[in-house]
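J.: Chain residues, written in single-letter form:
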Amino acid sequence: MKLSDLEGPAREILRRYEEPKAAMLPLLWLVQENQGHVSSEAEAWVARLLGVSITRVREALSFYTMFHTSPVGRRELRVCTSLPCRLRGAHDLLERIKDALKIKPGETTPGGEVTLTEVECLCACELAPMAQLDERFVGPLEGGTVDALIQDALAVPGTPESTPEPEPYICSDGPVLSTRLKDPEGTWLEAYTADGGYRAAEKVLTSMTPAQVIDDVSAANLLGLGGAGFSTGRKWSFVSKDTDRPVYLVVNADEGEPGTFKDRYLMERDPHACLEGMIIAAYAIGSHKAYVYIRGEYYRSAHRLQRAIDEAHGQGWLGRNIQGTGFDLEVVIHRGAGAYICGEETALLTSLEGGKGFPRLKPPFPAISGLFSCPTIVNNVETLACVPFIFRHGAERFAAIGTESQGGTRLFCVCGHVVRPGVYEVQVGVTLRQLIEDAGGMRDGNKLKAVIPGGISAKILTADEIDVAMDFGSLMAAGSMAGSGGVIVMDETTCMIEALESAARFFADECCGQCSPCREGTGWVHRILERITDGRGRLQDLDDLLAIADDMEGNTICVFADAAAWPVQSYITKFRDEFEEYIKAGRKARSEVVACQG
Amino acid sequence: MPRLSIDGREVSVPEGTTVIQAAEELGIFIPRYCYHPGLSIAGNCRICLVEVDNLPKLQIACSALVAEGMVVHTKSDEAEDGRRAVLEFLLANHPLDCPVCDQSGECDLQDFYMNFGLYDPRFREHKVKKQKAVQLGPHVMLDQERCILCSRCVRFTDEITKTGEFGIFARGDRAELGIYPGAELDNPYSANVVDICPVGALTEREFRFQARVWYLSSAPTVCNGCSQGCNMDMHYVLDRPHLNGGARVARVKPRFNPDVNHWWLCDEGRYGLGWMDQARLKQVRGPSADAANAANAVDATWEQALTAISTALAGLGKGQDGAGNGRAARIGMIASAQLTNEELFLIREIFHGALGAQVSASVPQNPGSCDDFLIKADKNPNTMGATLLGLAGPDAPEAGQIVDAALAGNLDALWVSGHDLVELFGAETVRELSERLSLFVFSGTNENPTVPLAHWVLPSAAYVEKDGTFVNYHGRVQRIGRAFPPLEDSREDWRFLLQLAARLGLQLDWQQPEEIFQALATAEARFVGLSYETLGDRGVEVALTRPAAGAAEP
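Chains R and L, in that order, are what the protein sequence lines are.
For the first sequence, the residue numbers in the working numbering are 1 to 598.
For the second sequence, the residue numbers in the working numbering are 1 to 554.
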């Protein structure tokens with residue numbers, strides 16, 4: 001399609017945003033989806049529509065990895081090689097794919113059929129090792145599935161796919177979050193309301209004040225389940241009251257923490273629960289406009305949530321005068337384009353406003369000055385999905401399910417070397433040992449070596465540290481963190497040096513580059529580990545790595561640097577002997593995260 | 001007014017002040033890269049980390065707001081270690097370019113390492129490679145490897161020029177500063193990014209490899225490119241003619257003045273000093289003994305010139321004829337708004353006051369480009385001075401009238417300061433003037449088509465070769481500064497005007513521009529109370545409306 005043909009759709013997109021320059025990502029998607037890539041002519045066109053300098057467009061294109069500035073293949077095959085997938089053979093998988101397609105990552109097959117890219121975590125670790133072909137996630141990619149994948153990759157889009165739809169274990173026992181996660185096709189409005197859906201929202205909108213709503217959520221001890229674990233009720237109470245500026249609710253659906261995949265299942269299979277949580281949250285904070293920032297790779301989540309939004313509109317659960325209560329709420333989906341850092345709430349806001357995902361200095365906090373400098377609350381998908389339960393069954397009940405300090409359950413994501421990777425809803429006080437057992441225990445009868453309890457940033461725990469409860473307070477006391485609830489399990493076949501190199505590569509790739517300690521530190525750490533895994537390490541490197549990590553911690557604009565530092569500190573400290581032995585022996589990585597020989 | 005303590009010393013500052021600003025009040029310098037008082041706060045370099053009691057993490061002083069009772073430590077072990085860490089990170093990938101980098105000697109990485117670092121570096125990996133020696137525009141070169149990504153230049157082109165050329169592309173340690181491929185950095189203020197770049201990433205193309213900065217001397221003055229009068233420091237080198245192509249002026253830097261140009265200079269003004277060392281008039285020239293050719297055919301001395309000119313002028317000034325009737329002067333003087341107030345004052349006293357000549361500093365002008373920021377259409381630095389002294393503006397005669405009078409045979413002598421009459425009135429006219437007039441003097445700094453047609457050519461000193469004052473368009477009286485002596489045989493206008501006055505028998509007892517200014521300030525109501533001392537570094541604004549009745553009139 002010509003750019004002039006896209007003018008109409010572009011204007012429609014611009015209308016959704018209070019400030020035109022916020023339409024940067026959606027306009028770039030519009031161009032790429034219609035023309036295959038973003039040409040320099042298109043850059044100028046976008047710049048003109050947004051009213052910004054063309055430099056800003058080029059910045060966005062260079063920052064977000066999903067955009068192409070030159071023509072690519074008919075299809076795109078993204079192979080994930082982050083730590084959880086590496087633990088299950090992603091390197092060998094990539095080699096197999098490279099051999100089959102006869103191209104390297106970044107290249108396109110000569111006939112223009114498919115472009116191969118190597119990507120960081122797609123947050124489908126339950127399917128590891130996995131890849132994404134255009135919009136579909138495919139995995140586990142073993143044996144014959146790989147051949148099917150290659151076949152699909154080379155086929156014309158629209159040809160029936162020969163790779164099977166993945167069937168990971170997704171808990172549906174409830175009581176809070178998973179009751180409607182059984183059906184892979186999703187639970188839609190009719191079934192949702194039949195199951196008691198929207199009754200909580202109705203109760204809130206018709207019989208409660210915002211202050212009461214906030215009190216209940218506080219009493220429920222609901223903590224933020226994106227990773228920070230901050231009291232949700234307390235966060236909502238921070239919103240500026242005496243202001244004539246609009247209040248925004250922003251949903252953080254930029255799930256990116258390796259080891260985590262729960263928000264995707266909530267959006268794909270129970271989108272109305274997310275919406276109902278949003279309605280209640282918006283009411284509590286006085287917001288009439290919500291943006292849902294969904295990571296670019298989560299196509300299905302975006303489609304399904306949009307379908308739910310349309311259904312909700314149809315039945316008067318969104319839009320003006322919701323169910324005759326006089327409360328208005330618009331929900332707009334905003335898709336990211338490949339940047340883990342946009343999961344940091346202020347980077348998300350900067351991205352939503354049309355810029356690169358650069359975190360902001362705090363103060364001011366978003367509750368005072370956030371999106372478009374207006375009071376804003378950013379909440380994780382899962383956190384909001386917990387909210388309807390609180391108002392259907394009571395704050396006390398929710399609180400009682402959990403521990404003293406943290407109420408309810410959460411959707412733990414277990415992946416790595418367990419028998420049954422998947423999503424497990426358990427009350428937050430469950431121990432890590434129990435959780436691993438729930439996931440079927442160790443594969444092949446192997447011994448447990450290490451576990452990351454809360455996403456790749458969390459400090460690693462050894463095999464004798466797994467009797468810890470999985471709530472925020474307990475894991476912090478144990479010297480780690482509950483984080484995103486992504487549990488990455490490593491057995492005795494794991495080489496800790498190569499695992500750390502993989503984690504370091506992730507942080508170097510995803511670092512936004514804004515502030516000096518993180519920008520230089522993440523690159524430096526990775527380069528040292530690359531040298532070590534190339535057999536050219538020195539013992540001094542270990543103390544250097546610890547010193548660099550210490551220098552990064554606490555000195556940056558956001559906690560990405562801390563997150564990058566923690567794996568370095570914990571792996572080297574807890575597995576020092578293994579690191580020293582690797583270096584002394586001059587070992588080299590077999591390019592697979594497998595145990596050292598001998 | 002919160003009261004806080006920094007390094008054990010207390011200070012009270014207004015609400016909203018940042019710690020870095022409060023420290024400056026106490027004379028405490030906290031190192032900074034991304035912070036610049038003229039730009040928004042970025043907070044990305046992290047070098048300004050300080051320790052604050054009761055806060056668990058170090059805080060960046062550039063954005064931390066002061067609070068009552070705050071206790072800040074800028075030199076504690078914690079703060080110094082944080083600073084050292086940041087320096088080590090910034091220098092990790094930084095190329096070892098000092099030996100070939102123009103910034104050497106005025107580089108904030110070098111300076112802060114020497115003052116706040118002095119650690120043993122640990123980085124032993126291959127450094128990230130990026131583009132070097134990229135020409136971004138007519139005046140600016142970029143070296144991406146040296147860039148510390150402080151984003152000052154990005155904020156400059158966003159917030160000050162609002163032209164948005166600069167961006168930071170990609171992410172992580174592959175992030176690189178640049179402009180849109182194929183675009184040019186050519187806004188009218190482009191070179192300011194070189195001034196604000198703390199390192200050698202953005203450097204001046206014109207200055208590239210010309211001279212090491214420690215060989216440069218500095219003299220404060222004011223730009224003479226237009227009537228804005230932006231404050232600047234002129235950097236020059238005299239004793240190393242093998243540098244800088246032998247030119248004395250090496251480069252120009254803006255000087256901060258909150259009432260005129262803040263921290264900025266326009267490119268036109270900054271690069272408008274080439275004439276100072278090119279095509280200068282360096283030698284007095286006069287008519288040959290052969291009376292048939294009056295135009296300046298031979299070299300002469302100042303002695304000869306001033307004697308001949310003063311003799312001629314004396315006979316043509318106002319006076320009385322033999323019968324005691326008043327006789328009008330037959331002298332015209334076309335002065336220039338490029339001259340200082342002191343010189344214009346002398347011209348007024350000598351030519352108008354004593355000789356009764358027609359004097360004007362008002363010539364037809366095609367207004368140049370201007371904008372809503374610093375650039376003014378009037379490309380003269382002292383039009384307002386000339387106006388306040390009555391030599392330009394609505395109450396003064398115009399140069400055209402003087403030329404007409406000369407062509408009509410009413411004037412026998414014409415003195416032109418600086419202007420190219422050929423451009424203003426046509427070659428024919430000037431040739432006719434040259435033939436008709438018995439005395440045609442040109443004084444000025446550079447060659448132009450009028451010069452060959454004048455009888456006497458007096459080489460003027462350039463404005464950086466003399467002291468004096470200009471008045472900008474807004475009425476601000478500012479000093480200009482003499483950096484070095486006039487080139488070869490050129491001479492300051494105020495000096496040869498005083499020498500001329502002496503030969504005319506006038507009692508003008510002044511030895512230096514400062515004394516001339518004193519006299520001017522006594523004579524002119526608007527300037528009363530001003531002196532070089534009260535003008536200081538930043539000048540003083542005078543009222544542009546007429547002073548009250550009874551005050552001294554021009």
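Since the hints were derived computationally from the structure, they do not count as laboratory data.
Predicted, not measured: the structure shown is a model, and the values here were computed from it.
Treat the hints with caution; some may be incorrect.
To give an idea of the chain L side of the interface with chain R (calculated C-beta under 8 angstroms), a few residues [claimed, not checked]:
1) Phe116
2) Tyr119
3) Arg122
4) Val128
5) Gln131
6) Ala133
7) Gly137
8) Gly172
Covered stretches of chain R, as calculated for chain L (at least 3 residues, CB under 8 angstroms) [unchecked claim]:
9) 54–61
10) 510–519
11) 525–533
Using N, Cα and C, we set each Cβ at its ideal position, and we do this for glycine too.
J.: Decide, hint by hint, whether the structure agrees.
T.: Hint-by-hint comparison with the structure:
no.: 1; hint: Phe116; verdict: 14 angstroms, violated
no.: 2; hint: Tyr119; verdict: 11 angstroms, violated
no.: 3; hint: Arg122; verdict: 5 angstroms, holds
no.: 4; hint: Val128; verdict: 7 angstroms, holds
no.: 5; hint: Gln131; verdict: 14 angstroms, violated
no.: 6; hint: Ala133; verdict: 21 angstroms, violated
no.: 7; hint: Gly137; verdict: 14 angstroms, violated
no.: 8; hint: Gly172; verdict: 4 angstroms, holds
no.: 9; hint: 54–61; verdict: holds (count 5)
no.: 10; hint: 510–519; verdict: holds (count 9)
no.: 11; hint: 525–533; verdict: holds (count 3)
Checked against the numbered hints above, the structure violates hints 1, 2, 5, 6, 7; every other hint is satisfied.
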